[in-house]
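Asks: The primary structure of each chain is shown beneath.
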Amino acid sequence: MKLVSAIIKPHVLDDVRDQLAKAGVQGLTVTEVKGFGRQKGHTEIYRGAEYTVDFVPKMKVETVVSDQLVEATTDAITKAARTGSIGDGKVFVSEVMQAVRIRTGEIGDEAL
Amino acid sequence: MKLVSAIIKPHVLDDVRDQLAKAGVQGLTVTEVKGFGRQKGHTEIYRGAEYTVDFVPKMKVETVVSDQLVEATTDAITKAARTGSIGDGKVFVSEVMQAVRIRTGEIGDEAL
Amino acid sequence: MKLVSAIIKPHVLDDVRDQLAKAGVQGLTVTEVKGFGRQKGHTEIYRGAEYTVDFVPKMKVETVVSDQLVEATTDAITKAARTGSIGDGKVFVSEVMQAVRIRTGEIGDEAL
Amino acid sequence: MTTLRRKPVVPLAATVLVLGLPRLAAAQGELNTGDTAWMLTSSALVLFMTIPGLSLFYAGLVRAKNVLSVMMQCFAITCMVTVLWTVYAYGLVFGDGGSLNGFIGFGKFFLADIEVGTVSGTIPESVFQMFQLTFAIITPALMVGAFAERMKFSAMMVFMALWVTIVYAPVAHWVWGGGFLQDMGVIDFAGGIVVHISAGIAALVLCIMLGKRSGYPTTSMAPNSLVLTVVGTSMLWVGWFGFNAGSAGAADGTAGMAMAVTHISAAIAGLTWMLWEWSNYGKPSVLGIATGTIAGLAAITPASGSVGPVGAIVIGFTAGATCYWGANRLKRLFGYDDSLDVFGVHGIGGIVGVLLTGAFASDALGGSMENLDIGNQLRLQAVGIAVTVVYSGVLTFVLVKVVDGMIGIRVTAEEESTGLDLALHDERGFNL
Amino acid sequence: MTTLRRKPVVPLAATVLVLGLPRLAAAQGELNTGDTAWMLTSSALVLFMTIPGLSLFYAGLVRAKNVLSVMMQCFAITCMVTVLWTVYAYGLVFGDGGSLNGFIGFGKFFLADIEVGTVSGTIPESVFQMFQLTFAIITPALMVGAFAERMKFSAMMVFMALWVTIVYAPVAHWVWGGGFLQDMGVIDFAGGIVVHISAGIAALVLCIMLGKRSGYPTTSMAPNSLVLTVVGTSMLWVGWFGFNAGSAGAADGTAGMAMAVTHISAAIAGLTWMLWEWSNYGKPSVLGIATGTIAGLAAITPASGSVGPVGAIVIGFTAGATCYWGANRLKRLFGYDDSLDVFGVHGIGGIVGVLLTGAFASDALGGSMENLDIGNQLRLQAVGIAVTVVYSGVLTFVLVKVVDGMIGIRVTAEEESTGLDLALHDERGFNL
Amino acid sequence: MTTLRRKPVVPLAATVLVLGLPRLAAAQGELNTGDTAWMLTSSALVLFMTIPGLSLFYAGLVRAKNVLSVMMQCFAITCMVTVLWTVYAYGLVFGDGGSLNGFIGFGKFFLADIEVGTVSGTIPESVFQMFQLTFAIITPALMVGAFAERMKFSAMMVFMALWVTIVYAPVAHWVWGGGFLQDMGVIDFAGGIVVHISAGIAALVLCIMLGKRSGYPTTSMAPNSLVLTVVGTSMLWVGWFGFNAGSAGAADGTAGMAMAVTHISAAIAGLTWMLWEWSNYGKPSVLGIATGTIAGLAAITPASGSVGPVGAIVIGFTAGATCYWGANRLKRLFGYDDSLDVFGVHGIGGIVGVLLTGAFASDALGGSMENLDIGNQLRLQAVGIAVTVVYSGVLTFVLVKVVDGMIGIRVTAEEESTGLDLALHDERGFNL
Ligand SMILES: Nc1ncnc2c1ncn2[C@@H]1O[C@H](COP(=O)(O)OP(=O)(O)O)[C@@H](O)[C@H]1O
Ligand SMILES: Nc1ncnc2c1ncn2[C@@H]1O[C@H](COP(=O)(O)OP(=O)(O)O)[C@@H](O)[C@H]1O
Ligand SMILES: Nc1ncnc2c1ncn2[C@@H]1O[C@H](COP(=O)(O)OP(=O)(O)O)[C@@H](O)[C@H]1O
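Protein chains in written order, with my numbering: chain Z, 21 to 132; chain H, 21 to 132; chain Y, 21 to 132; chain U, 254 to 685; chain G, 254 to 685; chain S, 254 to 685.
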């Protein structure tokens, strides 16, 4: 099993979810995060003081998939999340040793 | 060392923490997340428009433990988080190569 | 590539970001989390009832770096985040198999 | 002295009646624009107390998943009571009950006979009934705090419709509409009995019958936003000037003194609570000082037409101390889950205030009533309290049984855990 | 009866005029402190409706990234209209337009000739103009809900300056300043035509010309905080007492009855909306009951000086039902994106109210106008509506074209997706 | 002209005194219900300014971890000042100081001698003292913005008790209670000197002595919720009608004109700030326009009883411009950390307003004072400012030293970093 973890722009989330569902991904978990990268943040003004806020709101999408689904998953995300402008984000893949479905106790690929 | 990462229902958090403490886990980190899976979300109505919100509030509990503690940790979470109804969540286990305690510089199992 | 993941005190975030930038890290992702560990939480009073809140607000900083940058990254974080008092947090390192830059499709170290 | 308007009844003692009967609607007189201006303003202020004041106060105290449900309850009560009042409840309180007038009024359905030119005392009767209506609204709304986070909305609506009709209307008639408590000489200037005691007792019965919230008292149920609660408290405080000073029915010295003593009592009670808490727990909380002021405001309510600054200080201090004890100790002692301390603050505060009025109304103690027989008045006040406690308690018990039998009063465990906002209203308080 | 103050004009029918002309500024009389007190208070209440009332109502309904933008728009409109009013717009509405007076007023630039001692009717003219100013503020502010989340701030400011001058001022003059609608006998006590219809129609035109928000109607655009919206609604309700009862210009029976019917209509309309929604979707929502009360308040506005409680019940019910349909069905039918339902609530509510006034003002239907020819009055009311719909619709169309040509009216897609708070104001609503 | 009530003093020039002495409490007269209605309302409005108005304004501007602490400070000040006022401070301001009366009043402890029937001018003295009390509450509360996020709550309470006694009471007596500034003919209708300058200077001294917040000015300390701040501003604006128009002590033309000029100045100052900021930074901010209106309201305060619309425009514009400079430039120039710009807005705004009053009160410049010697009056106004700046500055310095010596005024670095809500009050503003 692999954990596919993607940092994406917030407004593409629904698309990404739809594409993942089509690709056969049955579950995923989303976290609101802030990103720092090539994309610049914004300026806030407070009574004459300008402050630069470097962090940009992003969404992190995590899904654990069976090994054979990794490529489809990565592709689905990349496709749905690409707007072509800076800050589109990244997809990371890493190894997961075990998965357990809490409700049933199923383990491994069954649990996903 | 292993990272045990669990997606659970928010209201079982206190139980999970207590069981983990009993199992010998000394530290953990919790994140508010939203999940998408078999459990359906809810409907929101806005002046005659019904919108389905697919995402369900969940908690992610992460704890890095020494190899010998992995099973006890997984069991503790599974036990405390199981309500038997859909959406109880998952536990994932993956490898961690190194851990450092920032305050002291201790590394490895010592740092946990 | 490695994922360096650090749990730190919220107020050192800007320092950590600066040190990481100096160490050559080009991107990172930050999440608001709550930590449970040796550091005690606080008490809240509600009309005569005292409740202990065990969870302490923390920030999780995640950055995926090429293998040669791992040590510099860990050092930068440890240095910037150390206040010497309990609750300074941890740094964890784990393996990442693949990275993709969504905008360009670049993969591997190129994508970071 | 204040100009008063009321039905000619045989006075027991002139001064008592002057202060005990400020509300009858029947007398005709000449319109005074100043009095009318103040009563129009007061009506707005008292509505402002319920929405948004009270609903914010409560909204801040519940958990985020129930924040809209308490606002919904306050808002829907406001709408529903307005309709009941217009259709028949004004008549139950201020109509002429004929031979039954000691117990209940009658007539004035659909506000019949109130024309643009109809005057009650020195103000239009349209304004008089409007002002009184705002009291009928806030009384049931106060109870929302007791059953918060677990009562079915539908059951709440049915219960409140019945309660306003069967409990509020008679009690208000007894005290303000020419009923037997008023005839006896019980003093309740702005609603210690009618509003705070009747609602406080009903709240207690209701929350006991409903049962505790799941997780109470071991789980922390921290307020979702004390910012809202402090704002609500502030609005209640300001609105209470309309509640108490408006109960003079005129823009005169009675109104002025009522406003002054109201303000003093609130301040003293807030400080009392804060200092006690500070010494008990090592830190003063904003929820503490806010709750204290509400206690002080509730307690001064019956007294505000007849006590002076010194009486206000004593009443405020006593209210702060007893309600602190009610909300922080008594509740835990008996283990009921009065979620937001309606009984602890309004019930206890109301009782304290109604009792102390019997003494501090006397000019011997800085009040404005001459020759008041304090012993006798205390007895009368105690009777007023006792009657209301029993009546409201028993009737509330019966009504809860009835409504529970009909449609059930409590949400399911799952709805409770989801939160009432989503479970009952398909809405969420915050999407930040 | 109420004391009224207006220019001596040749009456068509005395009762019509008494109710149709409550606002003229010219007559001199003796100052009455009670009336003045109430009008000072009413001015405060109506300003309170716009800031913070309306701006909270709207702020809660948009997405978190636009929460400040709507508050900014309401606030900046308040400031700007105050300046225009002071410099020339008061004169356009209430000045003497000489031979053109049927269509527009003139003079009184910089409030010239208003001294401390100048009296209009029974109140200082300084108060009269202040009260009227608050109406000129809220009318454009109402429209903010229609173009929320996508209009350029600069374009909004330019458009509103023109709109107040070219649409609001003439329409207000026609109805209240001695213009031709007033002469004809159209009844619009507190602004069904002047405020709600003129703004509602302009809002509809504006939102259609501006185009839909990106993602509408498929994406959920859930309100960021209904807590704010309920608070805003409550403030609007309370403030509306100043709006309607203040339109009596005095603290009298007309003011009292106006407050009473305003309150009743709001309550009924709120319940109507809630119950209908409950039966349609299985759950009552707090946004539903809140929107319903606003519909009831808008609809009773033109009627509040002449109908009785029964009329208020009918108007409230009709408004709740028709506006429910307007906001929930009509909008989807035609597919325009009136973001926060300005047309659905104010436009439709205003039209319903102005029409029904023609019937329920009659004493035969519980109103206060004797010998009213209902058929004729309904015709007059329809003329008033038609003229305003056409005038406001066409002029708004022209103004939007002009402003769009000059500086563009819509933000870029990127600004829209970022949210107007950051994109236009470099601020964020919440940093929690 | 307005009816005024004050002690008979030897007039320097009739018109000056009419406008300069509006507040003395001693004279007996006949009660006027309209005046009373307006003063009851005004008292409610000015309390409303502090809680919730000002406390929301400040609550929104601090970081989320300190949001309750500023609300707590405003609330506790409200309670504490009420008690001090009732016990002795009313007498210090409005009592008869005998041979020392030029400097301080005396007597009226526990509001002794104020009975239900006691009249001051045309209103009950109970109302007079209540209205004045609300000014004694808001003045120290204004300072909360200067020491926000770092002052100990206990030290704040002690300091404020002393400051109200030793600074506020004398200054108020000098200007309104028959003291030497009033005798000289200094015009301060509603509190430019008494409220804004005295608090603004004290705030400056206090924030300098307390030191900067850790991280200032390099770290962003973005407001946690400008929504709250805009709501607070709106409430302050509305409440200011009570502050300024209530200072007429009557519902008359002076009150009406005061309300009008207050509104105009607020609007102009808000727009001035917004436009300047827009041209400086490329974007207009809602915090900018909101802060601007507060500056305009502060500046018009002393002038509101005597200037006309044109004076209001000039004062509003000047206040917007100078306070913009004060908050955005001056503070950075000198590097003190006046957290929420109390000095920059109230200190500078107050000074500008008091000075300009000396000119624009003249009927030659649209004001209401005939035969005013502008040069002389400007000199008098300058004296009033200078005396107050020195007195408040020096005494504040001494008091801070004393309190710091006794119990320390600043929280620990750890408490500051945790946030005052948790560190001092064991509470959190939001649990969403
Ligand atoms: N090395 C990294 N490790 C973790 N997250 C990263 C890394 N690089 C970028 N990110 C995340 O991806 C987001 C987008 O990256 P950015 O450099 O702004 O644009 P792009 O992906 O188009 O090059 C960042 O805001 C950050 O959240
Ligand atoms: N493959 C997955 N990867 C990551 N998170 C998942 C995955 N599957 C489920 N989850 C998380 O677990 C939660 C519960 O899953 P769900 O399918 O609803 O119920 P159950 O676990 O009972 O089968 C989801 O809301 C989601 O947060
Ligand atoms: N084993 C662990 N796994 C995951 N997170 C941990 C673990 N131990 C500690 N943490 C995180 O690090 C934070 C600091 O740890 P704590 O034990 O309080 O102090 P210290 O790091 O100084 O020993 C915790 O609040 C928690 O978020």
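For the record, the hints were derived by calculation from the structure and aren't laboratory data.
Small disclaimer: the values here were computed from a predicted structure and weren't measured.
Careful, some of the hints might be misleading.
Coverage of chain G stretches by chain U, computed from C-beta distances (three or more under 8 Å per stretch; other residues unrestricted) [unchecked claim]:
#, stretch
1, 452 to 459
2, 472 to 483
3, 498 to 509
List of simulated lysine to any residue pairs, SDA-like, C-alpha gap at most 20 Å [unchecked claim]:
#, chain 1, residue 1, chain 2, residue 2
4, H, Lys54, Z, Pro30
5, Z, Lys60, Z, Glu115
6, G, Lys465, G, Phe587
7, Y, Lys54, S, Lys536
8, G, Lys536, U, Lys536
9, S, Lys465, Z, Glu82
10, Y, Lys60, U, Tyr534
11, Y, Lys54, S, Leu685
12, Y, Lys54, U, Ala475
13, G, Lys536, H, Val73
14, Z, Lys60, G, Phe587
15, G, Lys654, G, Ser407
16, H, Lys42, H, Glu130
17, Y, Lys42, Y, Ser86
18, G, Lys465, Z, His31
19, Y, Lys54, H, Lys60
20, G, Lys465, G, Phe359
21, U, Lys465, H, His31
22, Z, Lys54, Y, Thr103
23, Y, Lys60, Y, Thr103
24, S, Lys536, S, Ala574
25, H, Lys60, G, Ser473
26, Y, Lys60, H, Tyr71
27, Y, Lys60, S, Thr671
28, H, Lys54, H, Pro77
29, H, Lys60, Z, Asp34
Estimated spans, in silico, between C-beta atoms of each pair [stated by the list, open to error]:
#, chain 1, residue 1, chain 2, residue 2, range
30, S, Gly535, H, Gln46, 49 to 55 Å
31, Y, Ala69, H, Lys60, 34 to 40 Å
32, Z, Pro30, G, Gly661, 24 to 30 Å
33, G, Ile627, H, Lys60, 26 to 32 Å
34, G, Thr418, H, Pro77, 20 to 26 Å
35, Z, Thr103, G, Phe362, 20 to 26 Å
36, G, Leu353, S, Glu283, 55 to 61 Å
Every residue, glycine too, gets a C-beta built ideally from N, C-alpha and C.
Asks: What are the numbers of the hints that this structure violates, sorted from low to high?
Replies: 1, 5, 7, 8, 9, 14, 19, 20, 22, 26, 33, 34, 35 and 36
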